[in-house]
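These protein sequences, in sequence, are chains A and B.
If you count the first sequence from 1, position 14 lands on 14 in UniProt numbering, and the numbers rise without skipping.
If you count the second sequence from 1, position 19 lands on 19 in UniProt numbering, and the numbers rise without skipping.
Heads up, some of the hints might be wrong.
[What the hints assert, rightly or not] Which bits of chain B does chain A cover? Going by a derived footprint, with three or more residues having C-beta under 8 Å, they are: (1) 185-196; (2) 204-218; (3) 233-246.
I should point out that these hints are in silico values taken from the structure, not numbers from a laboratory.
Ideal Cβ positions, reconstructed from N, Cα and C, are used throughout, including at glycine.
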Amino acid sequence: MIRVENVSKSFTLHNQGAVVIPVMSGGELSVAKGECVALTGASGAGKSTLMRMIYGNYLTAAGRIMVGDLDVARASPREILMLRRHVLGYVSQFLRVVPRVATLDVVAEPLRAVGRSEAEARDRARELLAQLNIPERLWQLSPTTFSGGEQQRVNIARGFAHPYPVLLLDEPTASLDATNRATVLALIEEAKARGTAIVGIFHDEAAREQICDREVDVTRFTPGMAA
Amino acid sequence: MTPLLQVEDIAKYYGTRIGCTGVSFDLYPGEVMGIVGESGSGKSTLLNTLAGHLTPDRGAVRFDTRADGLRDTVTMSEPERRMLSRTDWAFVHQHARDGLRMNVSAGGNVGERLMAVGARHYGKIRATASDWLGRVEINEDRIDDRPASFSGGMQQRLQIARNLVTGPRLVFMDEPTGGLDVSVQARLLDLLRNLVREMGLSAIIVTHDLAVVRLLADRLMVMKDGHVVESGLTDQVLDDPQHGYTQLLVSSVLQV
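For reference, chain A alone in the conformation it holds in the complex (with noise of 0.2 Å):
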C-alpha cells in the first residue's frame, strides 16, 4: 500500500542566510495491506519528516512516494485532498480544531466528509468515544479545553472513525494510562485484521513490539548520520 524510494528532504532558511539543512536521502520503505511498520532512531533522526512527507504535509525534494496509486511526492493538491479524505489517515500528536465545536462533532468529521449521514457518523463517534472512555458528559464540549490525554484520545478517535486502508499513528500510545494504551493497542490490531497499511512512530517499546511487524530505522537514511 505504501512504497517510498530513493526520497531525499532538505529545508532551506532563507531568512537565516540561506543555509540548507539536508534532512533525508535515499529514504526507503514499503508496508503491505495489514502490515504494521515501525520508524525508529534518535530524535532529529526523521521519523516525523518522514511520516509528513506521505502525508504530503512536508514537500518531498526527490524520489516517489506511492500511496495506493498516487505518487503523493507529485501529487496535485486536489489529489492529496482526496487521498487524504478516503485512503490515508494521520493520528498527530496535537489535536487541531475550531474551538467551540462539540468533540462529538470533532470525532464525527471524517465520516461526514466521506459522505455519511449525520446519524451514522455520530453513532460510530459514540462507540469509540465510550471506547477511549471519554466520559459522557464532555461529549458536547470542545476538547480545546480537554487534559493531554484527553485530547489525545480524542484525536485517535477521530483517527479511527473512518476505516482508512492507511494509516500514520505518531506516537498513538504517549501518556495514556494502562487501560486507554490497551484499547488503542486493540484498535490498532483491529485496522491491521482488515488490512489497515500502518506506519507509526511508538516510543513505548512494549507497545512497538506487541504490535509492529517489522522496524524501519530512518538513521540510514539521515545525511551524516549514516552508521
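Starting from the structure of chain A, add chain B where the hints point.
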C-alpha cells in the same frame, strides 16, 4: 471534473503600479482557497478582480455556469455578470455595513436578495429569511430589527445569511473574521465550515490571519507585491514553506 472557476494569467494595474499580476489557478467544487499576504500585497485587488468589481487589464476568469458551462466572466455582458453575482456568486465584505443595507430590517436584508432572483410570495420570503436567521444563529424575534442595532458579530452573520440565501456555488470573502473579537471569530469559523460542507460551497477567502486559513482553507496562495510567491495545500505551505517571504510570515506569528 470541470473546475468551478478557472483563473488564467490575471493582471490588474493601477496606472503603472502593479495591483496583482500573473495569477492563475483552478478551483474545484467544494474547495476552499485561502489567499494570504501583508497589506498591499494585492490580495484584495485580486479578490475584487475575480469577483468582477474591478476590470482586469489582462487574463480570463472562467466560471462553470449552470446554463452554458465555462464562460469568461471578464468578457461577459454587464447584466449577465450582475445576474451571476446575485445567484451563483456571493461576496462577504470585511465590514458588514458594506454588504448590508443598514436601514432595512434583518429579514428585509435577507429577503431582498431572494426578490432579486424573482421571489414574490411574501410569506415564503419571510419564512426563508427566518430560517436563514436561525441557521446563522440570530434569534427569530430580531427579524424586524435593523442591523444597526446588532453587534459586530451578528451583523457579520446576517451578511452571510443574506449572501447564502440564494444558494450560491462560489463565495468570495474579504477578511470575514477581521475586526471581530476571538470568541466571535471562532463561532463564525464554525458556522462557515458547516455551511461550506453542507452546501458543497466553494470559497475564496482573503485574510491575513494564518490560523483562520489553517482551519478553513484546503489550499493556500501566498501573495507579495502583487505576485503569488507560493501555493499548495494549506498545511503544507504553513508547515513546510518554501519561499523566504512565507517563511518570514509563518515564523512571525506570535504563539499563544
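Hints, verified against the model:
no.: 1; hint: 185-196; result: holds (count 5)
no.: 2; hint: 204-218; result: holds (count 3)
no.: 3; hint: 233-246; result: holds (count 8)
Violated hints are absent here; each numbered hint is respected by the structure.
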